[in-house]
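A.B. asks: Sequence:
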Amino acid sequence: MDIKIDHQSPLPLHNQIEQLFRKLIQSKEYAKGAPLPKEEELANRLGVSRNTIRQATNKLEHEGLITRKKGVGTFVTSHGVSTQLSNWHSFTMEMMEKKIALNNLEINVSLVKADEKLAHFFRIRKNTKVLQLRRLRAIDDEPVVYFESCFHPRIGLEETEDFNQPLYQLLENKFGIIVVRSSEHIRAQLAGAMAKKLGIHTNDPVLVRERFVYDPGDRPIEYNIGFYRADKFTYSIDIKK
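In this text, residue positions in the sequence shown follow my numbering: the first is 1, and each later residue adds one.
Hints may be right or wrong, so weigh each one.
[Stated by the list, open to error] EDC-like cross-link-like pairs, simulated, lysine to aspartate or glutamate; straight-line CA separation at most 20 Å:
no. : residue 1 : residue 2
1   : K196      : D115
2   : K113      : D140
3   : K70       : E39
4   : K197      : E142
5   : K232      : E210
6   : K117      : E161
7   : K174      : E158
8   : K113      : D218
9   : K113      : E159
10  : K174      : E161
11  : K59       : E210
12  : K4        : E29
13  : K4        : E40
14  : K126      : E142
15  : K232      : E106
16  : K117      : D140
17  : K197      : D115
18  : K197      : E161
19  : K196      : D140
20  : K69       : E40
21  : K129      : E142
These aren't lab readings, by the way, just hints derived from the structure by calculation.
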């Protein structure tokens, strides 16, 4: 199959490469289990960066069309499409879907040293520098939730990113990272030190939600902790037998 893309096309390069991979997947050669071309080989052949290749293949992996085997290569998934997509989004996207106006009262970005908990989750050395994003979110200018997020250093997020846009949209569009799974822990506690930020009393309750976020390869992406005003939020879970 002729493997090429059009660098003059208005269609983004990663979208062209995604379409190219979809054609490869449908060919008899790869359907029988032959490994797909390696990232470095394709990047050189197409004149693009490896990150552009990864941005295209991450979506296919997310859809269950291909499988990455560390140290071996990338193969067409032999048992059809299988995804583990949860119906959760970034907080911004969730509010947009509910048509609720949301704004940032505070937004701070800095590099911090990973403590033992972060180092264990990210599988990195303790004290490794990671990017931390802190945001105080408001509805109609009234503070409702305070978030702290830390991101794995391999992503390459910088302090100059536009964090006013939906977070997971930023990760996908700029870095080719799709988040598909999160492990969450929810508890109730008194507001304490968070009271001043949220505009409530220290003995008022808040919902605390810790979220451990992963990509399709089950690699850690983000650690997030949110402090929600209990008088403003209900956390609902739909369970089917």
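A.B. asks: Run every hint past the structure and note whether it holds.
C.D. replies: Quick rundown of the hints versus the structure:
Between K196 and D115 the CA atoms are separated by roughly 25 Å; this puts the pair beyond 20 Å, and the hint is violated. For the given pair, K113 sits about 34 Å from D140 by alpha-carbon distance, which is inconsistent with the 20 Å threshold. Taking the CA atoms of K70 and E39, the gap is near 13 Å; set against the 20 Å cutoff, the hint holds. Between K197 and E142 the alpha-carbon distance is near 10 Å, which keeps this suggested pair within the 20 Å criterion.
Among the hinted pairs, K232 with E210 is consistent with the structure: their alpha-carbon atoms are about 18 Å apart, no more than 20 Å. Note on K117 and E161: the hinted pairing is violated, with a Cα-Cα distance of about 25 Å set against a maximum of 20 Å. Under the criterion of a C-alpha separation no larger than 20 Å, the hint pairing K174 with E158 is consistent with the structure, at around 12 Å. For the hint pairing K113 with D218, the CA-to-CA distance comes to about 23 Å; that exceeds 20 Å, so the pair is violated.
Simply put, K113 and E159 have alpha-carbon atoms about 15 Å apart, close enough for the 20 Å limit, and the pair holds. Among the hinted pairs, K174 with E161 is consistent with the structure: their alpha-carbon atoms are about 10 Å apart, no more than 20 Å. Pair hint K59 plus E210 does not hold up; C-alpha atoms about 26 Å apart against a cutoff of 20 Å. Restraint check: the Cα-Cα separation between K4 and E29 comes to about 18 Å, which is no more than 20 Å; the hinted pair holds.
Simply put, K4 and E40 have alpha-carbon atoms about 15 Å apart, close enough for the 20 Å limit, and the pair holds. With a C-alpha separation of about 37 Å, the suggested pairing of K126 with E142 is violated against the 20 Å cut-off. A C-alpha spacing of about 19 Å is found between K232 and E106, which places the hinted pair at or below 20 Å, so the restraint holds. Between K117 and D140 the CA atoms are separated by roughly 35 Å; this puts the pair beyond 20 Å, and the hint is violated.
A distance of roughly 24 Å separates the Cα atoms of K197 and D115; the hinted pair therefore is violated under the 20 Å criterion. Restraint check for K197 and E161: not satisfied, since their Cα atoms lie roughly 24 Å apart, outside the 20 Å limit. A threshold of 20 Å between alpha carbons decides the hint, and for K196 with D140 the separation of about 18 Å falls inside it, so the pair holds. About 16 Å separates the Cα atoms of K69 and E40, which keeps this hinted pair within 20 Å; it holds.
Under the criterion of a C-alpha separation no larger than 20 Å, the hint pairing K129 with E142 is inconsistent with the structure, at around 33 Å.
Violated hints, listed in ascending order, are 1, 2, 6, 8, 11, 14, 16, 17, 18, 21; each of the other numbered hints is respected by the structure.
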